[in-house]
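With the sequences and hints as input, model every part of the structure.
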Amino acid sequence: MSDTKNNHTQDDSHHITGYAEHFGTYVSLIMLTFMTVFISVFGADLNTLTVATAMFIASVKVLIVAYYFMHLKYDPKVYRVMILLVMAMFVIFLIMLMFDYLTR
Amino acid sequence: MEHSFSLPNSGHNYDAKASKLGMWLFLYTEILLFGGLFMVYMVYRALNPDAFLIASFNLNVWMGTINTVVLLTSSMTVAMSITAIQKGNSKLSLILLAATVLAAVIFLVIKYFEWGAKIEHGFWPGMDHFINLPFGEQLYFYLYFFMTGLHGLHVVVGMIFILIVMKKIKNGSQNKDKNQLLENSGLYWHLVDLIWIYLFPLFYLIH
Amino acid sequence: MTETSASQPNYLNVTKGLFSWIFTLDHKRIGLLYLYTVGSFFLVGVVLGVIMRLELFNPGGDIIEAQTYNQVFTLHGVIMVFLFIIPSIPAIFGNFFLPIMLGTDDVAFPRINLMSWWLYVIGALFALGTLVFGDGPADTGWTFYAPYSVKTGTNVSMTVLAAFVLGFSSILTGLNFIVTIHRLRAPGMGFNDMPLFSWALYATSWIQLLATPIIGITLLMIIAERVLGIGLFDPSIGGDPILYQHLFWIYSHPAVYIMALPAMGIVSEIIPTFSQRTIFGYKAIAYSSLGIAFVGYFVWGHHMFTSGMSGPSAWVFSLLTFFVAIPTSIKVFNWLATLYKGSINIEVPLLYVLAFIFNFLIGGLTGLVVGALAADVHLHDTYFVVGHFHYVMFGGTGFAFIGGLHYWFPKMWGKMYNKAVAQLAFIIIFIGFNILYFPMLILGLMGMPRRYYDYLPEFHTLNQVSTVGSWIMVTGLIIMLVNLFIAHKRGKKASDNPWNGITLEWQTKSPPPLYNFDKMPELVKGGPYNYPNAKNS
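Protein chains in written order, with the numbering used here: chain D, 1 to 104; chain A, 1 to 207; chain X, 1 to 537.
Keep in mind that the hints were calculated from the coordinates and are not lab data. Treat the hints loosely; a few may be bogus.
Unchecked claim - Among the chain A residues that face chain X by a calculated CB cut under 10 Å, a handful are:
id: 1; residue: 8
id: 2; residue: 9
id: 3; residue: 19
id: 4; residue: 36
id: 5; residue: 39
id: 6; residue: 133
id: 7; residue: 143
id: 8; residue: 146
Here a beta-carbon is modelled for each residue, glycine too, at the ideal position from N, C-alpha and C.
Rendered as structure tokens:
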């Protein structure tokens with residue numbers, strides 16, 4: 001669990017991300033952006049698959065921003081656990097909500 | 001008020017980790033706030049897939065793409081500004097933050113032109129062209145204006161947050177040893193970017 | 001002011017004047033600020049309830065018109081839910097005692113704490129503003145269902161704005177408590193050494209944090225539709241009013257756990273103290289709070305069974321609803337096991353706790369009845385539901401609140417109330433409460449709809465019984481409040497630990513000093529309730 005100020009657990013939050021690493025993250029994000037635009041503009045007419053692909057790529061981008069720019073990779077594990085739980089909760093809301101409309 | 005005894009775990013001591021945790025908790029609330037709108041989007045798109053597709057042709061993919069690149073760039077600059085201050089380079093940190101603010105302004109200007117074009121063509125709720133749209137398309141535009149509007153509001157707030165932090169770097173209260181507020185403003189900024197990362201494909205890239 | 005010994009400065013007398021209170025950063029004073037404001041609104045809510053019961057004494061319109069009746073029950077709901085129950089225990093007792101129980105001197109963010117209270121005040125002013133501005137207070141019910149909430153001329157926008165601001169207050173309190181619990185515990189106090197009230201507040205805070213934004217955005221959507229014409233729930237263009245209900249209840253169901261969990265936390269504090277032994281199954285109670293919070297996020301559809309949602313979906317929600325009863329009953333069994341063979345001290349706080357268990361049992365079981373799909377088809381929107389939720393919210397949380405008030409009163413003000421009068425008040429309140437609400441369960445089964453100012457003749461007698469119950473209960477409440485008020489002004493000085501409690505708040509002075517402790521508090525070894533001479537299991 002998260003420590004109080006008086007007990008120090010191992011964590012890498014003193015880690016300083018270098019400029020080069022940030023730039024590398026940025027480049028991968030730009031590439032993913034162009035990939036998703038490309039697929040949408042020039043890709044096939046697969047309605048549901050397009051949504052799924054677009055959402056998948058967007059989620060990868062979000063993960064990259066969260067892990068690297070927002071430092072989650074180097075933060076104490078509890079931060080990754082918390083965001084995972086929050087996103088899981090939200091996804092379950094989406095599923096349960098959609099279930100109503102799909103089964104009407 | 002003087003008091004002779006002070007607890008080791010006093011709540012009055014500065015605690016960067018508490019500040020960081022507090023910021024992340026606040027970000028969760030923002031995620032759920034926008035989450036509600038994403039839920040509405042999901043339902044109405046599922047019920048009106050064709051209308052949403054047609055309505056999306058009214059948006060300019062390239063303007064959306066540019067805005068996406070602008071925000072991603074600003075995320076990089078704010079992340080780098082934290083690197084800079086942690087390495088003791090407050091001056092570079094300020095330059096990078098200024099770049100971030102500039103990117104925010106560019107984003108808002110592009111948004112202004114996008115919205116302006118819509119309103120000019122009568123696409124605002126209540127206007128001529130709007131009320132004659134098929135229902136699904138009306139719902140699309142309701143969501144478009146609400147979600148990008150709320151997002152734009154958060155861009156403004158994020159910008160103000162960063163400007164405040166810039167002032168603190170200038171006067172030295174944010175520095176190499178004490179920079180959690182800068183980090184927090186960065187976290188908030190990244191959230192603004194994250195929301196846009198989902199908004200972009202959902203409104204601009206439906207095809 | 002208070003009459004503690006002159007040489008002892010405490011949080012009450014350390015500074016004086018209005019500004020030192022309304023701009024305070026002291027969590028204890030903020031707790032009291034909440035007590036006075038939340039308490040005032042509770043009384044307003046009670047008056048509105050009494051008016052409703054007076055109107056319902058006889059069928060037909062008597063003292064108010066139909067439209068006014070709609071506004072009265074709406075305001076009653078809005079005040080009781082958003083201005084009383086949701087903030088009450090966390091903002092009053094949580095603010096006052098969480099830091100002390102954790103052995104620290106304040107919450108993590110004292111200024112945000114003050115801001116929470118100011119947001120509460122602003123939200124309350126907006127709610128009151130609806131009495132004055134526009135076309136009168138909302139008449140939609142506290143649930144603001146679309147499309148009526150969009151169409152009606154009454155002042156829905158301001159009411160809903162009030163709820164939005166109050167929600168923000170709630171979110172910030174939750175955020176503050178989570179960080180406080182994570183970062184400010186006394187050295188050596190792990191999560192599993194915290195008192196159970198802290199665990200309850202922890203689980204509650206996560207709900208406040210994660211669920212409230214959803215109603216925030218939903219209410220913004222209502223305002224957007226009313227003010228800007230952004231018709232997201234407009235059925236004439238394909239919008240779905242049921243979607244509004246989904247979004248509304250995704251918050252408002254977890255909200256009832258915001259109401260219930262802190263109350264159960266208080267029960268978990270009072271029972272060990274008045275049994276003078278450790279709680280049975282500490283971990284089970286602690287983790288069941290998390291379990292209730294977690295499962296509680298996914299049952300919201302049971303408020304909407306008859307709305308037009310799909311059958312399979314309703315079935316899923318009903319199933320999940322039954323699961324949430326499990327962690328709740330675990331708590332009840334553990335409380336009873338703690339009392340068994342304990343050295344029982346029948347004092348007023350324990351009386352309220354025993355009443356809690358009785359009332360919450362009825363409330364919880366009736367909840368399962370309406371949670372069952374087939375039964376709910378008949379009982380939805382009847383007085384059965386009204387009886388159910390008053391049993392849990394008032395008979396449960398309300399009673400726990402009053403019990404907590406009587407438990408911590410001597411600590412907060414350093415004085416003791418007249419116990420005989422308090423006991424008398426309890427008996428009157430308990431009897432009045434049950435006479436008021438039990439008939440509602442029967443009326444509902446007989447088919448009387450809720451939110452109606454008129455009813456069929458066959459419902460007459462039970463309505464009269466219920467109204468008389470309301471008079472008895474209010475009498476008891478008045479006696480209880482006057483007793484405490486007099487004690488707060490002129491009560492006998494109380495010792496620092498009148499109940500022989502063992503959690504950290506009983507180790508410090510009554511009233512506590514400004515920074516809570518004058519010396520390092522000593523943690524109890526082996527668990528927060530480990531009474532040294534008890535037959536602990």
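For each hint, the structure was consulted:
1. The beta carbon of residue 8/A comes within 6 Å of a beta carbon in chain X, closer than 10 Å, and the hint placing it at the interface holds.
2. Because the smallest distance between the Cβ of residue 9/A and any Cβ of chain X comes to about 5 Å, under 10 Å, the interface hint for this residue holds.
3. Restraint check, residue 19/A versus chain X: the minimum CB separation of about 8 Å is within 10 Å; hint holds.
4. Checking residue 36/A against chain X by beta carbon gives a least distance of about 4 Å; that is within 10 Å, so the hint holds.
5. Taking 10 Å as the C-beta contact cut-off toward chain X, the hint placing residue 39/A at the interface holds, the least distance being around 7 Å.
6. Below 10 Å, beta-carbon pairs count as interface contacts, and residue 133/A has one with chain X at about 9 Å; its hint therefore holds.
7. With its C-beta approaching chain X no nearer than about 7 Å, residue 143/A sits inside the 10 Å limit, and its interface hint holds.
8. Checking residue 146/A against chain X by beta carbon gives a least distance of about 6 Å; that is within 10 Å, so the hint holds.
Checked against the numbered hints given earlier, the structure satisfies every one of them.
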